[in-house]
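One letter stands for each residue in the lines below.
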Amino acid sequence: MIALLIRDLRLAVRSGGGFGLGLAFFLIVVVLVPFAVGPRADLHRVIAPGVLWLGALLACLLSLDRIFALDHEDGSLDLLATAPLPLEALTCIKALAHWLTTGLPLVLAAPVLGVLMNLPAPGYVPLILSLALGTPALSVIGTFGAALTVGVRRGGLLMSLLVLPLYVPTLIFGAEAARRGAEGLPYTTPLIMLAGITCGTIALLPFASAAVVRVNLR
Amino acid sequence: MASLWEYANPRKFIATSDRVLPWVGAAALVSLATGLIWGFFFTPEDYRQGASVKIIYLHVPAALMAINAWLMMLVASLIWIVRRHHVSALAARAAAPVGAVMTVIALVTGALWGQPIWGTWWVWDPRLTSFLILFLFYLGYIALWSAIEDGDTAADLTSVLCLVGSVFALLSRYAVLFWNQGLHQGASLSLDKEENVADVFYLPLLVCIAGFSLLFVALVLMRTQTEIRARRMRALLARERML
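If you read the protein sequences in the order shown, they are chains A and V.
Going left to right, the first sequence walks through residues 33 to 250 as our numbering numbers them.
Going left to right, the second sequence walks through residues 24 to 266 as our numbering numbers them.
The following block holds chain V by itself, in its conformation from the complex (with noise of 0.2 Å):
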């Protein structure tokens, strides 16, 4: 049985990924195909916010994804600090932006929602005031990337930062919660049976999480694989100017 740090070899997680990801892009087109037209075109219309309701087919799983981009980055930046693999420091790095699109996303469909549904586009609730902050999170962390040219100080630096960042969304999470009880409703899925959508939409919005969590891996080993190959041909670039 192979260790699983044996990915951690660029070369060797280039062949595997470009063995696995034309399925996983497949996989992610395919659902998310079936989930958004099942969802647009076969569910009936919500008794109360009409058409509008299906916005949360976009809306919940990017929402999902902006918060489990975050999640991974901080995985990345650990086994960057503790073991100083270089591939786990440019998946965060490839990560970043795909966050940072899902919140906007979030955030768009958000707001698009609520100018209907709450007569607003905007309001300082907890969770969307949240958001914001994670979007800015997003921001400093690929600005910081893109700030410094050494790789590896680039990667630490980052590493800190997303250790650090993730502390104070933490904090901020809370702080927002206490210091303004929102419009926002609850949780449109969870364990407790009580509070989820009605099974209508129950399954078609399972179908497009699924779709954009697969989206999410296929986007990430792409630019991981991007990133690889961009620093390899610098390290090219750099021998051939010293023949």
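Next up, chain A with everything else stripped away, as it sits in the complex (with noise of 0.2 Å):
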């Protein structure tokens, strides 16, 4: 299992920038923001905390159809299937993966691009605690998205359109912790929401995610 974890993570680091183009994204949206809405600081205050979430978001579904999609081009899916590792921990394993590149260092990112959207200053912990406890749900949700979509051909589109409703409950609740952090609110309640979505799509959809990679490669 960790070996397979360290090959993911090898090739998502060597293999053409798959590591870095989440981050770029967010860099692009959180930048870009400023110029569409104007640059209002007491608007940036406002809505950073919600720009900083969907420009997450984004930046997790951009790379999502990375997951599955090269293993299962040149065929080594079909050898990680027969390896004595039950479908269920492969799956995790590639959301961990997919986390771990993706998913924090956009955490680790986020404060440094708070500054730029002048998020206020007791904005910045439930900002990173919330996106800390809701991109694995992101990566868990997204795992299950690529993996339906693996046997289809460009399915890129597909799998965005499969995976936005899904995503909505997350964004929900994590953009609402952020924001009332932001605001000075308590956000204690949401903040445990998010974090019973995230255990709960980490105890249940590896199931589904498995059952769908089975029937993709029978």
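Worth flagging that the hints you see were computed from the coordinates, not collected in a lab.
Where a beta carbon is used, it is the ideal one built from N, C-alpha and C, also for glycine.
Some hints could be false.
[As the list claims (entries may be wrong)] Chain A is faced by these chain V residues, among others (derived, beta-carbon under 7 Å):
1) Ile156
2) Leu159
3) Phe160
4) Glu172
5) Ala177
6) Ala198
7) Trp202
8) Ala253
9) Met256
[Said to hold, decoys possible] To list a few chain V residues with every Cβ distance to chain A over 12 Å, as calculated:
10) Leu52
11) Asn91
12) Gly163
[What the hints assert, rightly or not] To give a feel for the contact side, a few chain V residues facing chain A, derived at Cβ under 10 Å:
13) Leu27
14) Tyr30
15) Leu130
16) Ala134
17) Ala170
18) Ile171
19) Gly174
20) Asp175
21) Val183
22) Ser195
Given two chains presented individually in distinct reference frames, assemble the corresponding complex, making use of the accompanying hints.
Written out as structure tokens, the structure reads:
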């Protein structure tokens, strides 16, 4: 399992910038928003948590089809499926690798970009907490979406359509926690709901993903 | 007494539904016609909303059927996963576009009603938002069905998507409730007598709901037959090519 994780991480780092892609996209979104809404610091302060969460979500979405597509193309997915490792574990590893290469850098980069967006000082801790709790759910849900469309050629758009409604609850609770934090309100409730969603997806979705991979490899 | 599962045989299903379909279709037409005409022409106008209250006869049944269609697809998907009856998977596929259209009807009539009454076409209100998400689910489901060529694979994948989607649809419902307290009034029909619409509107509304349900059953039966026949035709063509 650890060997597989290291292999996935190494592939992500070495194969043509898959690692920095999400981060760069996050940066682009956050840099372009002020140009779109105008240079008003008071407005930025209000929309900062939402924009940061949305940027993180889109950056996650962008890198999803790398999870299974490359392995499917060169046939290593079939080999991995016959390896003495349950497919559920395989999908967990894939989700973990995706989170380590996109989710974690986003969490670390968010405070820096928060400065660019004029995020109020009390907002930093809830923003980082909500991203750290929420991005694993994004990775796990995304792995399910990627597994669904692995057999479809050019399935990127289809996958976005499938994953989009599944992302809604995570986005709502995550952005709500960050927003309440930025406004100085108590933010424990949405954070707990977010943690609940993350735990639930980690507990249940790998089974669905594995079932779907099995169908697609048949 | 024959088992229910006998109807999972496509031949038996087509024979039975052929016999039932004219009756269901006729009943749907009659009840829709009576309900809508009664509702539109023979009920008083509301003292605050005027004539626009009458959109309720389209809006409420369509919204109800949009949710019920997803429930039916969920049950059909479960049957496919557990017992692998092809008719069940095809029925789920047949129901999806009908449900999507019902969702669109509910959203559009709601917008038409909301413009004069609330003064806006759209608000990010829990009920409206969760219906939009439901519509996205329908779109994804239909797209996944049509993206995959092999029938059984597509049925398997969409069934899993339907199960996972149902869980997330519920979750989204509560998430958007938490996110925003809305503009939408309470349920028009519920077991709680206090909240219900006034009695004058009640009976024609019930007739309309019956009409929409019958229409849904008729459409799903018809579309399922079409799916079965299309699949048969493909099998025949494939055999011809082999000879």
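These are the hints, each one checked on the structure:
no.	hint	result
1	Ile156	holds (5 Å)
2	Leu159	holds (4 Å)
3	Phe160	holds (5 Å)
4	Glu172	violated (9 Å)
5	Ala177	violated (9 Å)
6	Ala198	holds (4 Å)
7	Trp202	holds (5 Å)
8	Ala253	violated (21 Å)
9	Met256	violated (24 Å)
10	Leu52	holds (34 Å)
11	Asn91	holds (19 Å)
12	Gly163	violated (4 Å)
13	Leu27	violated (26 Å)
14	Tyr30	violated (26 Å)
15	Leu130	violated (15 Å)
16	Ala134	violated (20 Å)
17	Ala170	holds (5 Å)
18	Ile171	holds (6 Å)
19	Gly174	violated (12 Å)
20	Asp175	holds (8 Å)
21	Val183	holds (5 Å)
22	Ser195	holds (5 Å)
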